[in-house]
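*Asks:* Chains F and A supply the protein sequences, listed in that same order.
For the first sequence, the positions run 1 to 304 when our numbering is used.
For the second sequence, the positions run 305 to 830 when our numbering is used.
These aren't lab readings, by the way, just hints derived from the structure by calculation.
Don't be surprised by glycine CBs; every beta carbon is placed ideally from N, CA and C.
Treat the hints with care, as some may be off.
As the list claims (entries may be wrong) - So the derived list for chain F, only partly shown, Cβ under 10 angstroms to chain A, looks like this:
{"#": "1", "residue": "D31"}
{"#": "2", "residue": "P113"}
{"#": "3", "residue": "D123"}
{"#": "4", "residue": "T124"}
{"#": "5", "residue": "D127"}
{"#": "6", "residue": "G158"}
{"#": "7", "residue": "P161"}
{"#": "8", "residue": "G164"}
{"#": "9", "residue": "N262"}
What the hints assert, rightly or not - Away from chain A, derived, C-beta distances all over 10 angstroms, residues of chain F:
{"#": "10", "residue": "F25"}
{"#": "11", "residue": "P58"}
{"#": "12", "residue": "I227"}
{"#": "13", "residue": "I250"}
The residues making up each chain are set out below.
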Amino acid sequence: MRYFAVRFLQMLFAVWGVATLVFLFLQLTGDPMEVLAPEDMSEAQVAELRHAYGLDRPLHVRYLIYMENLLKGDLGVSWTSGEPALRLLAQRFPATLKLVLTALLFAIALGLPAGVWAAVRSDTWVDRGLRFLSVLGISAPTFWIGIMLILIFSVTLGWLPSAGAGNWRHYILPGLTLSFYRIALFLRMIRSTLLDVLTQDYVRTARAKGLAERVVVYKHALRNALIPFVTLVGLQFGQLMAGAVVTEWIFAWPGMNRLALNALFTEDRPVILAFVVLTAGIFAVVNFVVDLLYGWIDPRVRYA
Amino acid sequence: MRRWLAVLLLPLALGYAQKPLVIAYQGGAVTLDPHMRNETTTLSWQHHIFETPFFYTPDGKVVPVLAEKIEMVDPNTWRLYLKKGVRFHDGSEMTAEDVAFSILRAATHKKSQMKGYVGKVVAAEALDRYTVRIQTKVPDPLLPAHLDHAAVIPKAYLEKVGEEGFNKHPIGTGPYKFVSWLNGDHLNLEAFDGYWGPQPAFKKVKLVNIPNGATRVAALLSGEVDIAEKVLPQDFPRVERSGVADVRQTPGVRVIYVALDYWRAYGSEGLPKGAKNPFLDPRARKAIYMAIDEDAIVKRIMGGAATAAQQFLAPIHEGYNPEIRRFPYDPKAARKILEDLGYGDTDGDGWLELPTKDGGRVPFALRVDAPNDRYLNDAQIAQALANMLRRIGIKASVNAVPKKVFFPNMTKGHFTMYMAGWGSMDSINTLLSLFHSKDPSGLYGRFNRMRYKNPEVDRLIEQAAQTFDRQKREALIQKAMYIAMVQDVAYIPLHYENVIAGVRKGLVFVPRPDEYLHAYEVKKAR
Numbered sequence: 001m002r003y004f005a006v007r008f009l010q011m012l013f014a015v016w017g018v019a020t021l022v023f024l025f026l027q028l029t030g031d032p033m034e035v036l037a038p039e040d041m042s043e044a045q046v047a048e049l050r051h052a053y054g055l056d057r058p059l060h061v062r063y064l065i066y067m068e069n070l071l072k073g074d075l076g077v078s079w080t081s082g083e084p085a086l087r088l089l090a091q092r093f094p095a096t097l098k099l100v101l102t103a104l105l106f107a108i109a110l111g112l113p114a115g116v117w118a119a120v121r122s123d124t125w126v127d128r129g130l131r132f133l134s135v136l137g138i139s140a141p142t143f144w145i146g147i148m149l150i151l152i153f154s155v156t157l158g159w160l161p162s163a164g165a166g167n168w169r170h171y172i173l174p175g176l177t178l179s180f181y182r183i184a185l186f187l188r189m190i191r192s193t194l195l196d197v198l199t200q201d202y203v204r205t206a207r208a209k210g211l212a213e214r215v216v217v218y219k220h221a222l223r224n225a226l227i228p229f230v231t232l233v234g235l236q237f238g239q240l241m242a243g244a245v246v247t248e249w250i251f252a253w254p255g256m257n258r259l260a261l262n263a264l265f266t267e268d269r270p271v272i273l274a275f276v277v278l279t280a281g282i283f284a285v286v287n288f289v290v291d292l293l294y295g296w297i298d299p300r301v302r303y304a
Numbered sequence: 305m306r307r308w309l310a311v312l313l314l315p316l317a318l319g320y321a322q323k324p325l326v327i328a329y330q331g332g333a334v335t336l337d338p339h340m341r342n343e344t345t346t347l348s349w350q351h352h353i354f355e356t357p358f359f360y361t362p363d364g365k366v367v368p369v370l371a372e373k374i375e376m377v378d379p380n381t382w383r384l385y386l387k388k389g390v391r392f393h394d395g396s397e398m399t400a401e402d403v404a405f406s407i408l409r410a411a412t413h414k415k416s417q418m419k420g421y422v423g424k425v426v427a428a429e430a431l432d433r434y435t436v437r438i439q440t441k442v443p444d445p446l447l448p449a450h451l452d453h454a455a456v457i458p459k460a461y462l463e464k465v466g467e468e469g470f471n472k473h474p475i476g477t478g479p480y481k482f483v484s485w486l487n488g489d490h491l492n493l494e495a496f497d498g499y500w501g502p503q504p505a506f507k508k509v510k511l512v513n514i515p516n517g518a519t520r521v522a523a524l525l526s527g528e529v530d531i532a533e534k535v536l537p538q539d540f541p542r543v544e545r546s547g548v549a550d551v552r553q554t555p556g557v558r559v560i561y562v563a564l565d566y567w568r569a570y571g572s573e574g575l576p577k578g579a580k581n582p583f584l585d586p587r588a589r590k591a592i593y594m595a596i597d598e599d600a601i602v603k604r605i606m607g608g609a610a611t612a613a614q615q616f617l618a619p620i621h622e623g624y625n626p627e628i629r630r631f632p633y634d635p636k637a638a639r640k641i642l643e644d645l646g647y648g649d650t651d652g653d654g655w656l657e658l659p660t661k662d663g664g665r666v667p668f669a670l671r672v673d674a675p676n677d678r679y680l681n682d683a684q685i686a687q688a689l690a691n692m693l694r695r696i697g698i699k700a701s702v703n704a705v706p707k708k709v710f711f712p713n714m715t716k717g718h719f720t721m722y723m724a725g726w727g728s729m730d731s732i733n734t735l736l737s738l739f740h741s742k743d744p745s746g747l748y749g750r751f752n753r754m755r756y757k758n759p760e761v762d763r764l765i766e767q768a769a770q771t772f773d774r775q776k777r778e779a780l781i782q783k784a785m786y787i788a789m790v791q792d793v794a795y796i797p798l799h800y801e802n803v804i805a806g807v808r809k810g811l812v813f814v815p816r817p818d819e820y821l822h823a824y825e826v827k828k829a830r
């Protein structure tokens, strides 16, 4: 219970730290009115607008107001749309979540078996081929993968839509684009951990008992290899929720990463801050959940 | 059996008939409150739902929309007569109350971004059901045109649902009514059958934001969208070859121009330290002008997606002066002018030279400042300008930076030569902002960053801004422009960016020069 409380406080502290840092960094980017106010307004009119947004107050006052509101759960109002920043993000949260889950599903469905395959057949042409593909997957830029998939599957073949979110067909291309790197990452991770586990004594014992190789690999070895894998999937989830920017942008995905990117272009600072606080929160919570999951997969952690 | 087939196919057929017209924009509306964000895409989307008393036709004329006509009572008072029988989407009739309320809201709401247009209005009141009296603080001869940014909203409805409620379900008098939207992403619309004007060609419309150019084109070619704006020049051949769509272009109102330091004799920041600034002399500015091969820029850098500018104003602008033409491209003559002015190469290294304050001479080095993320191919254009200047013996270099850094730096005067763009439908606004000398009150010369100053031009501009007679006003603008562009060589115009759209075959549509894109201006080919 105490462990839980400490972890929870750490989580809050991390979110506060990130919010403060981003708040301060945003101040370094200059006067938001340069971008926010339309060119045809006079200086007096721009000053009025600045006052309306509270930007004529000193920095520390703005920071204190911001923190006070944050504690109340108020993440501010978007400067460009006039809507609460949290509502804008909430409208787009499900789209990002579904995209990220799709990508992780693809990555696990392809990366995990491929990793096992590569490990079991280590140093054969299968292994070498898969490792070569994984290098491609890790080094190919998301931007390029996305455009290529669109050119092949939307323009040339006409099988799948290129932009927006609608039915299941809309998920395939952005999901794949986002999963490429993760497929490769999962493959390499599973391969190396499994190879490591397969040399352990208990595996030799299991084999000596005369168990089928399938049972040895999947029941005994893989289970242990899964522990670091779950951590990795959890971290990737957190990273993707705030890191699907390029993919959402290319595929015109109505997710919150694209909203944040746009907010960055238009100096909509309340939305940028709300995005950062929200994703930092998600990241912290996911890490927390991953820790709990350990206990489920590895009983030793549970009893310790 | 056949009957069953028909039953099965009927919904398909209906679905096909009601397939919406889909238009892909580079951005998306961030609010549907028509007074809160003055930005082209947001306004484009809003124009489907809301209308204004006056609006511009695609060829630059101001015409009444919700207004019947307007009369000037005295320079500060106007009487606006409204069309009768105009209905809002909830069925209620638009009255003078709504119009007065809307104009005043656009003029005075603390977060309104329309003050650049209607900020001079101090009062608006309904005289009867269809007449509004408008009062301005100072005379504004262009008030009718400026009312193009005063969208009319139903007063009673707004007061009932509040601003938040209004943004969730906006109501206007436009040809399309709101169905649903995701802020910044898409907007679904349906034709309003109680619309006062002609019904639009498409019953259902979907406006979507596809920020990436390659994806926009892909969506057009794969049939997901019917019109895609801002097709990039490198994608033109792909669209033309596709057989399903083609590229349509219109010269826009945005002019890309070069400005030269007009106020510092020494210490201009894009020249070598201590060097004399040659650009206080119009002949030196003309030399730079003549060193620029604009046709090459249009052809090689813009891929034909631009139109060489003869002057600062475009032909559709009020006060366009057809007598002003580009100075010819002539690098030899350009170099000769600079040599005659005493900037010739004396040490034989090939570079022209500038005298310094202490009597020495330094090579004529010049930094060309430009943004790299604001205009189509901006950094490449700046690079081409530098190359052309090097050909006449100026050691030019390029400093291309993001717009967030560029514009504040230019406003602070950290330049000798910069490239930027300007787009406005309103000539008086252009003259007041860029050609009138800067004054401390900020009223004049707000974007005259190079501090061009000619008292005669100032006088003509001020006079034009107070002239209500269109013909007289045009003559004043023409005269001011002639002095500024031909005698003073105040700015060097490069080109007008073309407004570009990829359009599905079978649709009748030409892009507007002001970059607004409206579904109700799209027709089906017969």
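*Asks:* Against each hint, give a clear statement of whether it holds in the structure.
*Replies:* Going down the list of hints, with the structure as the test:
{"no.": "1", "hint": "D31", "result": "holds, 7 angstroms"}
{"no.": "2", "hint": "P113", "result": "violated, 32 angstroms"}
{"no.": "3", "hint": "D123", "result": "violated, 41 angstroms"}
{"no.": "4", "hint": "T124", "result": "violated, 40 angstroms"}
{"no.": "5", "hint": "D127", "result": "violated, 36 angstroms"}
{"no.": "6", "hint": "G158", "result": "holds, 6 angstroms"}
{"no.": "7", "hint": "P161", "result": "holds, 6 angstroms"}
{"no.": "8", "hint": "G164", "result": "holds, 6 angstroms"}
{"no.": "9", "hint": "N262", "result": "holds, 6 angstroms"}
{"no.": "10", "hint": "F25", "result": "holds, 14 angstroms"}
{"no.": "11", "hint": "P58", "result": "holds, 21 angstroms"}
{"no.": "12", "hint": "I227", "result": "holds, 39 angstroms"}
{"no.": "13", "hint": "I250", "result": "violated, 5 angstroms"}
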